[in-house]
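Q: Residues per chain are reported as follows:
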Amino acid sequence: MPAAELTARAVTTVLTLKERPHVPLEAEALTPDVIAPLSRDEVRALPVVLGKRQRRLDDFFEVEGAGSEELELRGDCGRVKWIGRGMTRGRVRVLGNAGMHLGAYMKGGEIEVEGDASDWVGGEMAGGVIRVRGSAGGQVGAAYRGSTSGMKGGTILVEGAAGIELGMRMRRGVIAVRGPVKDFAGLQMKGGTIVLMGGAELRTGAWMVRGTIVSLRPVRLLPTFALACAYNPVFLRLYAKRLAGMGLAIPHDESDGAYLRYTGDAAVPGKGEVLVWQPAAP
Amino acid sequence: MAGSSTLRIKGGKVYDPANGVNGEVRDVCVRDGKVVADVEGGRTIDAQGCVVFPGGVDVHTHVAGAALNFARAMIPEDHRRNLPFVRTQSSRGGIGGATPTTYVTGYLYAGLGYTTVNEAAVPILSARHTHEELRDTPIVDKACCVLMANNEILLDLIEKGELERARHVTAWNIWAAKAYGVKAVNPGGVAAWKWGKDAKGLFEPVPGFSSVTPAQIIQALAGIVDELGLPHPLHLHCNNLGAPGNFTTTLETMKVLEGSRAHLAHLQYHAYGGGDWGTMRSESVKVAEEFNSRKNLTTDAGAVLFGNTVTITADGPWQHLLYKLTGRKWGNIDVENETGCGVVPYVYKEKNLVNAVQWATGLELLLLINDPWRVYLTTDHPNGAAFWRYPEIIELLMSADARKEQLKALAPKALKRVVLPELDREYTLSEIAVITSAGPARALGLPHKGHLGVGADADVAVFNESKDVRRMFAYPRYVLKGGEVVIEEGEVRRSVEGKGLLVRPAYDEKVEGFIRPLFQQYYTMSFDNYPVEMERIEHPEVRPCQQPS
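So the sequence lines, in the order shown, correspond to chains A and B.
Residues 21 to 302, numbered by the working numbering, are exactly what the first sequence covers, in order.
Residues 4 to 552, numbered by the working numbering, are exactly what the second sequence covers, in order.
Heads up, some of the hints might be wrong.
In the BS3-like style, the derived pairs of lysine-lysine whose C-alpha atoms are separated by at most 25 Å in a straight line are [said to hold, decoys possible]:
#1 A:291 - B:332
#2 B:407 - B:332
#3 A:172 - B:332
#4 B:352 - B:407
#5 B:352 - A:172
If you anchor each label on the Cβ, the simulated ranges turn out as follows [to be verified]:
#6 A:243 - B:519: 44 to 54 Å
#7 B:165 - A:168: 15 to 25 Å
#8 B:494 - A:166: 29 to 39 Å
#9 A:200 - B:539: 50 to 60 Å
#10 A:109 - B:352: 27 to 37 Å
#11 B:494 - A:243: 33 to 43 Å
#12 A:71 - B:494: 22 to 32 Å
#13 B:539 - A:69: 35 to 45 Å
#14 B:199 - A:247: 35 to 45 Å
#15 A:243 - B:210: 28 to 38 Å
Don't read these hints as lab results, they were simulated from the structure.
Please read these numbers as outputs of a predicted model, since none were measured by experiment.
Think of the CB as a built atom: it goes at the ideal place given N, C-alpha and C, for glycine as much as any other residue.
With the rest of the complex left out, here is chain B (with noise of 0.2 Å):
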């Protein structure tokens, strides 16, 4: 995979803020797939007019899995839509859109100099073919977070309080995912979405358990993730994502959170006040306050754009409310005692005051947030938005004039439930290369992505200086991939395959004693055929974990 041959760029304007380079013209040189100080001899890219980045790095996205393919199959009508991918010499066939397939993924994310992604939300059950559809995804470095706040024997021992053997657990089942990091989603209330009920309030018991509440959950995974020293704190998606008036539910998470490191997902997503759907509105300045002030938590936007797509979820009893609300399809998966999934194909409308405000909440955090080294660029593909779409954002975050043009097209009601107008910081690239590639790279806790100094990944985006914002960073010039130019003039020059980033914390294995017989009890499959074996991630790549103090 790391390419032998010697490679430099030469003459381009270098923003790599890890290293604190900011647009200086200077040479970045690659050998064996890493970042050198000086090469002799080998290719010699001209990057003159250009910029050079940090390959991108998404904290947040749904990119494989079994939520994801059920989502393809509910959407032909976008597959329709869409040109395929043609097969070429260094390239396979697929189709783009909404949920491209896992070929195209790759390419699409190498086309937009993005390097290093991160899958959101994947249940032990079918992590083995989360597996088989990330190897399935070239060029990308692969990450992802395994489910545990809805996981039924979890919850049991946090309820009765035994949080050692929680811990033990935890780690067991981070290694059967061959997963990264520990998410949770909507704590308490995909299991309480198994009794037709949701989990609202932080500090009431979950429905179907007798006094466990999701505040002891956040708490107890956000503990434990720290324990195990994973290199990504507790990736969170908070209570009441999508309701209006969430907002105080977010300010108690993140007091609950003191402490404890943590990742908040997809924060537009609750950063909502009002009532309900005809008096929403943004809050994102107190949301935005709060966060500043509480160093412990990084966050990514979940930014929306109008247009076409589809919602996918672990927040089983938020989609059947979306559902209602759209009334065009549905799709909810229960995925035994760990979690659940829903999915509901969806268009966010200028003309529709909620999506409006969605819209101009995502863009105002980005904008309030004031260290751009603690939120990242992110749409929850696809929720929000296709990632593929991560340009328009840069060139709405980069100018104010094109976010008034955007405006103009708002509902004028809209505009009084939203702050953005008078909004008129303009990010600058160094800016956007934090948010796009050293930050998240940093909270994936990744020391060599995310940027250019000498020892680095050599993953490396050029892009055409331009003032078009928008055209620049959709179509960057040269993409490198572990010092291979994958990326060349727009079109696939050359699909290496990425590596699955795995950890593999500390646990006592005798935990595996305790989990047996309630598996053996409770699950359909058999408990041998559970864990992920080692030898279904294709290129691993075991990053360690911090020695518990």
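For reference, chain A alone in the conformation it holds in the complex (with noise of 0.2 Å):
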């Protein structure tokens, strides 16, 4: 292998958008572990489907530098869809919005997109992390149809706001999201953590039968949920520590409030449990 090429790797592989698509562009293979290992050229010729025909990367890309374990995709990925697909390590930067099913199916890693998300992030994933600066679409984390159960581990942190079903039928793995989330929320969640510091619309937690849902700001809750107690838990300040490196600040401290603890939901029956943030009085 050339030196240069060597070199090459050791930086990031960068890749334009060169027009938004007319049609969603199907690129599973934009991930560090199919990439990695490739000269520039091989990146260049991998396939992408676009509608029902399969073509090339560079029809659609620029592709600047060899394979290496960090990707940069620039330009608007809004219609790129299954970007980091299934990836087991390496880091995927978005500079603009990504398209449908980011991360779905990840195993390790780091996903950044600084734009917006569409639908079905980490859709299934089992570990590493992804990170959306703007908001995400519905079915963040959740179950595809059919499947039993939705993300299986890792981390999806969302800026802004999230769509319908979040964390649908989740059972391990942590969501937390700063902006308001939408119906839904924990449908049939199974196990993990949804984190809700903007809040949530209807039904949150509805046939949850498992699994934490914490909420910074009141939440209508269903009929079939009732309230146990109002307490700290202790597992949360382990898990506010964590976020706190991600910068999100959950409290936790007895002299700020206290979580009303509702379980539920009933009509599964489930033992979920829903933590309502409780400020003490000023």
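Combine the two chains into a complex, taking the hints into account.
A: Here you go:
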């Protein structure tokens, strides 16, 4: 291997979208696992699918540098699907928006999106970290249709808002959203933790069997959730510490207030919990 | 459809048990879609080192119709697990798995060397849909059995003892569905399910009726099928499917059937002892013993293989129970006055005691029933496993060592509930040809199928002879359908269209005057839209009925 190429590997592979495609582009090759061992020409020749036609990656992207563990996607990739699908290592930075199924099935590594991400961020992921600076669509960390479990591990952070069915059927892992979340957050949840910093719309935790939903704002709960007690769970301190390192502050100190613990969903019946933050009277 | 070309399959070891040919090296010659004594010129296929079988015949499978489509919609996760079939010059795209799409079903069956299938459960109400799907199932010839044992109009007639009218209604129904045979599923039980009940006792009145019992329904239908002279006997799914201790019902059913022909479907699901799930065991010895002595019966294994699948049956009450056991998904369909249906995705696990017993029971029956001409290879696709896994069962039947290997993976507790470890019978290639082709063709009453004698349909499978039996049967070298080479070296070379096999039993036209007012009163659709038109059947072949004696 030429020395120049070895040096190139140490840096980032930059892919710049030439033009936003008219229909979604399916690009599951855009992962460090696939791209890292390849030369620049091999990267350029990677298959992508537009509609029913298979095309080359360089039909849509300018490719700079040979393959590396770090990918940088430039341009509006809001119609590029499956970025980081099933990745196990490395890092993907998306400077604009990202299309559907970002980081679906991923097992490790890190994805960061500067703009917004579409639906199914981290669908059925098992590990790794996804950070969306803008907003995310629906079904974040959710189970694909028909599957029994959604995300089984890893962390998803959304700085903006998120859509419906956040964490649907999730089994493990953490999802934290700074902005408001739509209906059915934690639908049929089986485990794991959802942190709602900006509250949620209707039917939060519907059919949840286990797991924890933490809300820093009051949420409207289904009548099948019952108030158990007010407390400050110890495990939340650990979560707060880790999320603080990622720039998200979760209150947990008794002097600041307490969490009202609601259990449900009794319709299933389930043993999940919704913790609603109750600030101490000033 | 019939190829005009001639063809010679040269130098293969031919297994044609119907004609007493057992591994002889000889040529098979084909002209105009039929097997002939000799040909001159034309293509020659070199089959040296290969074995030549008549094309496979599946006597009991579920490959088309409303229930199967319902199952397809219920298991998108299964579609994702399986690689898609990509469109080629000679084949269309689709998806495999537990419930393959229509086109892929045809390709997969042909890809195993199977050329005829019998869709085992069709309500008349969804017969039109079933035929549309069968039309899109390429290569294989297709027959179907129409569901009768929970048809309210028929049950009322049997209750009142009006058996002659019941015969005319049955014959009218068969023709209305453009069916080939009559299927009975859990006689009376599915009708009872509409009252939230089941019909567990053969001699107790069916809930919702005043006196008719499952035994009466079975006797009446088996008698009617024989009187109508249908080529295939009553195709019966016995009462109490799947329940521990159900072998007594199965033995009683065999007695009830005395004097009539019948085919007992998926016998594995009807051969359990024990009192509950904790004590369930195989009773294959008793069931096989009784079956061996009753020459009026045929059966198919309904064998189970470990792994993911989806269960589909008209047996609604059983499916509700299975859903309660799995706690996962459940689909339930009500088919007006005819039948019902349940769909439950299921995983057979090696370490699960019940599943281990089921796995062993299927193989035990295949090994303990001593006449291969009366027991056929099926998995009750997709209930026990998908049909494309048949080569795994063939391997288990041909090798006691392969069975021992799988037995090691089972829970030790399960071994005390089964007799499989004691059975050392190994199937020969000729016996495999019987249970996959010659036997089921005979049971279906198809004299031109399941053999390679002069005049037979030129449906032929050519396998590379190998010690690796599973691989050998999973990848035939050539498959001929109606004389055309459809599979070559594992690829679909040519996708021909199969025939629709059906019968037109004799009935009194006036019976329509009896059915019409009942129908107009109790059904949601118009009577005139009910029967399936002949034009709906692609390449129909009306098979003859025996003249009533």
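Q: Compare the structure with the hints numbered earlier in the document and write down the numbers of the violated ones, lowest to highest.
A: 2, 7, 11
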